[in-house]
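Let the sequences and hints guide you as you build the complete structure.
If you're matching them up, the sequences are chains A and B in order. For the first sequence, the numbering used here begins at 1 and goes up steadily by one. For the second sequence, the numbering used here begins at 1 and goes up steadily by one.
A few of these clues could be false.
Where chains are identical, the list cannot tell them apart; a pair therefore holds if satisfied intra-copy or between any two copies.
What the hints assert, rightly or not - Below are the DSSO-like pairs computed for lysine-lysine, each with C-alpha atoms no more than 27 Å apart in a straight line:
id	residue 1	residue 2
1	Lys148	Lys253
2	Lys148	Lys228
3	Lys253	Lys228
4	Lys181	Lys164
5	Lys74	Lys121
6	Lys253	Lys74
7	Lys54	Lys148
8	Lys164	Lys54
9	Lys253	Lys64
10	Lys143	Lys253
Calculated directly from the structure, the hints in this document are not laboratory data.
Residue strings, one per chain:
2 protein chains.
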Amino acid sequence: MKELRIGILGATGAVGQEMLRVLEEYGIPVSELRPLASARSAGGTVCFRDREIKIQEAAEDSFKGLDYVLGAVKNGMSRAFAPAIVESGAVYIDNSSAFRLDPDVPLVVPEINGEDAFTNKGIIANPNCSSTITLMAVAGLAKLSPIKSMVACTYQAVSGAGQKGFDELEGQMRAVLAGEKTESSVFPTQIAMNVIPFIGEELENLYTDEEMKMQNEGRRILHLPALKVSCTCVRVPVMRSHSISVTVRTERKISVEEARDAVRAYPGCRLVEDCQGRNYPTPLDTSNQDLVWVGRIREDLTDERGLTLWCCGDQIRKGAASNAVQILRLMAERG
Amino acid sequence: MKELRIGILGATGAVGQEMLRVLEEYGIPVSELRPLASARSAGGTVCFRDREIKIQEAAEDSFKGLDYVLGAVKNGMSRAFAPAIVESGAVYIDNSSAFRLDPDVPLVVPEINGEDAFTNKGIIANPNCSSTITLMAVAGLAKLSPIKSMVACTYQAVSGAGQKGFDELEGQMRAVLAGEKTESSVFPTQIAMNVIPFIGEELENLYTDEEMKMQNEGRRILHLPALKVSCTCVRVPVMRSHSISVTVRTERKISVEEARDAVRAYPGCRLVEDCQGRNYPTPLDTSNQDLVWVGRIREDLTDERGLTLWCCGDQIRKGAASNAVQILRLMAERG
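Right, here's the structure in full:
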């Protein structure tokens, strides 16, 4: 792989910081690392390979000479800078949801639909965290028989709200233990010792935009345009990894044994058979690593062509930063 | 209602203690309250209507003269004493799972199948906590059209493991905040800042016994012997109330509006329309009260005869102690 010039748009957030770590860990050859952020964060530094690198304020002309820009900013900022990035000739790998449903923008999980990345016109979208983790867990089944529908319930960590999500949970835990009142600003109500069955904005069909991502993004990533997904997104007081309980209906019946073999063989997945005496993962087991861990595969008792399973994955890693860097690596390896 | 002589078998546990509070709160006329427990707890006292009452060690002859015995002990102790209770002439309302599937023992949620209580032969079973809360939330829909199947994912509080569950979660939270190692003895691994997708014992079909309760008990309570339920039981770091995300398929299509009306009208349910600006409940909202709160009713996108909803209820109250006392009250009111 040739040496790459890589920009990180949103280098100071939880996902941007993780992208730096993953680039290091994967040994991606980098001749220039250019951290970019909003005016508020510019002037600070980030650490990359033991060097402190000054963060520049992102502007239209910030992307000149770069091969790739990894995006870890919100939709508005992503939309604002995407044209300038494409214009500069860099490939923009965007973690926001701004372009995920744009037919001109491939939406990619490398293990599942890596080839789609090569159809890009300058932008590649990185999927939603819960979608990536769930789709990784079921992609092996989809190879055995097309998936018709899924019913998914998530158990999503506070990391989905970035560093301020961590801080709010930790502060509330201290308050609860001290018998003090808690304050909520990141989440709609107390998350410590509670769960909140609502993430995102409510749409006309009464699902949230977060919940609809699994269907909308799943259709594109699995190449199943008729896939139906009923998803309930729930925030739980967990720091990093997301978990999903998912019931999958396929065209033909898949046995539990076949499903276990498919998950075991699927790149990027780990079938949990004995994890400290348990045959299932918990979010704590899967934090700070890239694999999606799958357990509790069993027959759906309500539909003979159904299976139900449990999966966990680090939402900042495979659910965001690692998947983006894996897309970059896939592109760069082919030159 | 005549004055009642009531025994509580297992008076010192979390559920037994709550039964005492509920008897007080409901203003049940009690001429004698007889707290009974294992040898370990006997000799201590419980507080009932500002009186301290000595706890007696439960023995074969402990039940003489009682009208009702409320059971809050494990299956083994329940099985051991049930014959003596029935022999004494008292009605035994048992919170354990020992008799729940016994065709001679009615399994009762008063709002749903209260009439079944009157077919008892001395024992009435109180259902599993998650089953009661879920069935309360869907019982109004079942009146509109029979339920064919449900896919349920639970978010179960540590209270399911009694006082020692509370203590383990609180101790682990302190350890985590102090940066110390946690120890787990009640739960199979750390529950603080984690979720554990396994409650109970694994059966041959790979579901746990806890997960199968919703189907087995739901069939009896809803009088739907062919009901199919795929349930995934997950422990979450919440103190008291259980939450369940459930997708319900009925024989005919029920609209969201019809479902909302049915839940709103159902005794013991509260349809959440505006709870501090939220249109859904969280477990913290529903702790220390008896209603099952329901929100987020929406169409199942994977099945046109399906609906999906979220419900929360206090598992020690409606999920255990309150439901048992409500059965007692129902029986006593009819004399």
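Verification of the hints:
1. In this assembly of identical chains, the alpha carbons of lysine 148 and lysine 253 lie at most 27 Å apart whether taken from the same copy (12 Å) or from different copies (20 Å).
2. Proximity of lysine 148 and lysine 228 under a CA criterion of 27 Å is satisfied in both settings, with 6 Å inside one chain copy and 20 Å between copies.
3. In the homo-oligomer, the alpha carbons of lysine 253 and lysine 228 lie at most 27 Å apart both inside one protomer (18 Å) and across protomers (18 Å), since each shortest distance falls under that limit.
4. For the identical chains of this complex, lysine 181 and lysine 164 are neighbours both inside a copy (19 Å) and across copies (24 Å), given an alpha-carbon limit of 27 Å.
5. Taking the shortest alpha-carbon separations for lysine 74 and lysine 121, only the intra-copy value of 21 Å comes in at or below 27 Å, while the best inter-copy value is 64 Å.
6. Taking the closest pair of Cα atoms, lysine 253 and lysine 74 never come within 27 Å of each other, the shortest separation being 41 Å inside a single copy and 39 Å across copies.
7. With identical chains, the CA atoms of lysine 54 and lysine 148 are never at most 27 Å apart, being 49 Å at best within one copy and 61 Å at best between copies.
8. Taking identical chains as interchangeable, the C-alpha atoms of lysine 164 and lysine 54 lie at most 27 Å apart only when both belong to the same chain, with a minimum of 23 Å there against 51 Å between chains.
9. In this assembly of identical chains, the alpha carbons of lysine 253 and lysine 64 never lie at most 27 Å apart, being 52 Å within a copy and 57 Å across copies at closest.
10. Taking the shortest Cα distances, lysine 143 and lysine 253 sit within 27 Å of each other inside one copy (13 Å), while across copies they are farther apart (33 Å).
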